[in-house]
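From just these sequences and the hints, can you work out the full model?
Chains as they are written, first to last, in the working numbering: chain H, 16 to 350; chain L, 16 to 350.
None of these hints come from the bench; they were simulated from the model. Incorrect hints may have been included.
Which copy is meant is left open, because identical chains are indistinguishable; a pair holds if it fits in one copy or across any two.
No more than 20 Å apart at the CA atoms, straight line, and that leaves these computed lysine to any residue pairs for SDA-like [stated by the list, open to error]:
(1) 17 to 103
(2) 207 to 161
(3) 89 to 200
(4) 263 to 281
(5) 263 to 285
(6) 263 to 286
(7) 282 to 265
(8) 204 to 164
(9) 233 to 256
(10) 263 to 198
(11) 282 to 257
(12) 89 to 281
Protein chains: 2
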Amino acid sequence: MKIAVDAMGGDHAPQEILCGVARAFDKGFVRPSDVLLVGHPERVERWFAEAPLLRQCEFRPATDDVAMGESAVKVLRRPQSSIMVAMDAVKSGAAGAFISAGSTGACVAAAWRVLGPLKNVDRPGIAVTFEGANGPLTILDVGANIHATPEHLLQYGVMGELFSRNVLGLAKPRVALLNIGEEEEKGNKLVKSTRDLFSTAPFTFVGNVEGNQLLSGKADVVVCEGFVGNVVLKVFEGVGHYFHDAVKGPLQDPAAQQSPLGHAVRKVTQKLDYAEYGGAPLLGVDGLVMIMHGRSDRRAMANALRVSAQFVKADVNRQIRAAFDAAASAGGAGA
Amino acid sequence: MKIAVDAMGGDHAPQEILCGVARAFDKGFVRPSDVLLVGHPERVERWFAEAPLLRQCEFRPATDDVAMGESAVKVLRRPQSSIMVAMDAVKSGAAGAFISAGSTGACVAAAWRVLGPLKNVDRPGIAVTFEGANGPLTILDVGANIHATPEHLLQYGVMGELFSRNVLGLAKPRVALLNIGEEEEKGNKLVKSTRDLFSTAPFTFVGNVEGNQLLSGKADVVVCEGFVGNVVLKVFEGVGHYFHDAVKGPLQDPAAQQSPLGHAVRKVTQKLDYAEYGGAPLLGVDGLVMIMHGRSDRRAMANALRVSAQFVKADVNRQIRAAFDAAASAGGAGA
Chain H
16 MKIAVDAMGG
26 DHAPQEILCG
36 VARAFDKGFV
46 RPSDVLLVGH
56 PERVERWFAE
66 APLLRQCEFR
76 PATDDVAMGE
86 SAVKVLRRPQ
96 SSIMVAMDAV
106 KSGAAGAFIS
116 AGSTGACVAA
126 AWRVLGPLKN
136 VDRPGIAVTF
146 EGANGPLTIL
156 DVGANIHATP
166 EHLLQYGVMG
176 ELFSRNVLGL
186 AKPRVALLNI
196 GEEEEKGNKL
206 VKSTRDLFST
216 APFTFVGNVE
226 GNQLLSGKAD
236 VVVCEGFVGN
246 VVLKVFEGVG
256 HYFHDAVKGP
266 LQDPAAQQSP
276 LGHAVRKVTQ
286 KLDYAEYGGA
296 PLLGVDGLVM
306 IMHGRSDRRA
316 MANALRVSAQ
326 FVKADVNRQI
336 RAAFDAAASA
346 GGAGA
Chain L
16 MKIAVDAMGG
26 DHAPQEILCG
36 VARAFDKGFV
46 RPSDVLLVGH
56 PERVERWFAE
66 APLLRQCEFR
76 PATDDVAMGE
86 SAVKVLRRPQ
96 SSIMVAMDAV
106 KSGAAGAFIS
116 AGSTGACVAA
126 AWRVLGPLKN
136 VDRPGIAVTF
146 EGANGPLTIL
156 DVGANIHATP
166 EHLLQYGVMG
176 ELFSRNVLGL
186 AKPRVALLNI
196 GEEEEKGNKL
206 VKSTRDLFST
216 APFTFVGNVE
226 GNQLLSGKAD
236 VVVCEGFVGN
246 VVLKVFEGVG
256 HYFHDAVKGP
266 LQDPAAQQSP
276 LGHAVRKVTQ
286 KLDYAEYGGA
296 PLLGVDGLVM
306 IMHGRSDRRA
316 MANALRVSAQ
326 FVKADVNRQI
336 RAAFDAAASA
346 GGAGA
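So, in structure tokens, the structure goes:
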């Protein structure tokens, strides 16, 4: 099953996207026959010359550019944009997954319109994964839906748990709710109502976690509404940059680099680096959609292909469909 | 003007609170005659023996303990709790400021009930200060009010700007709104409505900032509603701990400590450490209230006294009162 790559999306497209695809070939993450490239023919051409393996990928032209700041819904009126051409390739079955570092809003809108929701799913959610103290931590939603209801959050819990189990390989993911206190009575209206739903949910609910516990290993999947989740994601990013900027000077010294402190510092900055994960899946749509950070470089792109290949292989949408079907026929949680 | 210190509040009370007060004397931040201690007589006695200067402080007994997890409103029915005794000392004029590391919710509830709001202020807000790229960054509200309206956020903008100007000494603080995109059309309903109000506000409004821009120096005061603000505060704390834990082993080596990388690492972890600021002011109440982290140690307590002394001296409430009076008579923003 091919992965459709939007070569035009992102701040450093098409260069970093195409070089990232080539890097994924070098690293053995995917083969050229696994990739369907979508881009503006003239603008991608010179990178084909630099990385000839790219020519072996299937290619679909997209002649209409979508700017990063453009309104998300506008992309729906741009059938020749790379996002729409790539999404159509997934819809038609020419590709089995979609990756873009283009506007997140545009990717979400296009996925929702072109692929549609998985049956019984009310809203899609973006799940992002960080390396926590004892393993991967998945947070969702980080910005697909900023008008979440308790029912939406319950669906995120179900989908996030299946993602953590089937794609990340956790045996029994513990799901928590992001709150501003651990106690049951704490929180705003949305969180309090959601807590009631979670207590009868078909996953292991371990209660509330606070922002300072995210990386502590208390939970494997943390559910929140998209506004808060996006802020959290960006705060992680900002603190990571802050730390990176503070140490990059001293780290240029080879002795410092090789010291135990240098190793520890590089390890921790790497853990907070979105480029390590490459992309975040949009869960709840009828197709596999990976959304990358707009600033993605070739390393992020290569890693996104690696994760997408796992994502395709795990067939998490089949699991989600089954869970929601079961819940719907039981009339229970997650429906 | 004395500062009333709740000796019983916090996870490490009374030991760390009292040792912190003694430390503030040693450091010259305040003198014993500047402090009014409130605590359980028997439980504070042994620390008086260890730090005899504490005996020179005025002392008021409080015989009823409030547990950290207890519901915030319960404290209002506990007139003999240290929070209520200390708050009453401020109300009566025996003290000019209040500091506690006890339950944040209890401190907010007690301050609102006992001291009441400043005229024309609808909700109090907790302002926390971090060291950003080019100077102090103040974020509010970080948890006093989780049912904020656009009008509340406007008031936080006014109060935060006055705090930044009068207490932190910034000449012309730039105020921003925390959002999930820089573009005007981005954000949830609350943020969008607030943006309209901010654009005619009596402060320098520099637009939206995202979570990754908080420490970048783009704004000096960032306004958000209390749920999001509390999550941000806790995420900073959690990431700070994560860094600290990752580097503390290698940093035990004296050579690593003294290396340029060691200096950079310690500097950045220090910047993310709430103990450096000691406390966060509760703005909008008719009295000076500083709320400390529950885990505060003696260093945090000493720093909170230092900041409180500045806070008292700057008389920020007079500024806030004047701004809200002016706005009320103009019928304009901030009213």
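The hints, checked one at a time:
Only within a single protomer do residue 17 and residue 103 lie at most 20 Å apart by alpha-carbon distance; the minimum there is 13 Å, versus 70 Å between protomers. For a Cα distance limit of 20 Å, the shortest separation of residue 207 from residue 161 qualifies both inside one copy, at 17 Å, and across copies, at 12 Å. For the homomeric pair residue 89 and residue 200, the shortest alpha-carbon distance between copies (13 Å) is at most 20 Å, but the shortest distance inside one copy (42 Å) is not. For a Cα distance limit of 20 Å, the shortest separation of residue 263 from residue 281 qualifies both inside one copy, at 10 Å, and across copies, at 14 Å.
With identical chains, the CA atoms of residue 263 and residue 285 are at most 20 Å apart both within one copy (13 Å) and between copies (17 Å). Within a single copy, residue 263 and residue 286 get their C-alpha atoms as close as 16 Å, and across copies as close as 17 Å, so both meet the 20 Å cut-off. In this assembly of identical chains, the alpha carbons of residue 282 and residue 265 lie at most 20 Å apart whether taken from the same copy (15 Å) or from different copies (13 Å). When the C-alpha separation of residue 204 and residue 164 is checked against a cutoff of 20 Å, the pair qualifies both within a copy, at 10 Å, and between copies, at 14 Å.
In this assembly of identical chains, residue 233 and residue 256 lie within 20 Å of each other by CA distance solely across copies; the values are 15 Å between and 25 Å within a copy. With identical chains, the CA atoms of residue 263 and residue 198 are never at most 20 Å apart, being 40 Å at best within one copy and 31 Å at best between copies. For the homomeric pair residue 282 and residue 257, the shortest alpha-carbon distances inside one copy (15 Å) and between copies (11 Å) are both at most 20 Å. Neither within a single protomer nor between protomers do residue 89 and residue 281 lie at most 20 Å apart by alpha-carbon distance, with minima of 41 Å and 47 Å respectively.
Checked against the numbered hints above, the structure violates hints 10, 12; every other hint is satisfied.
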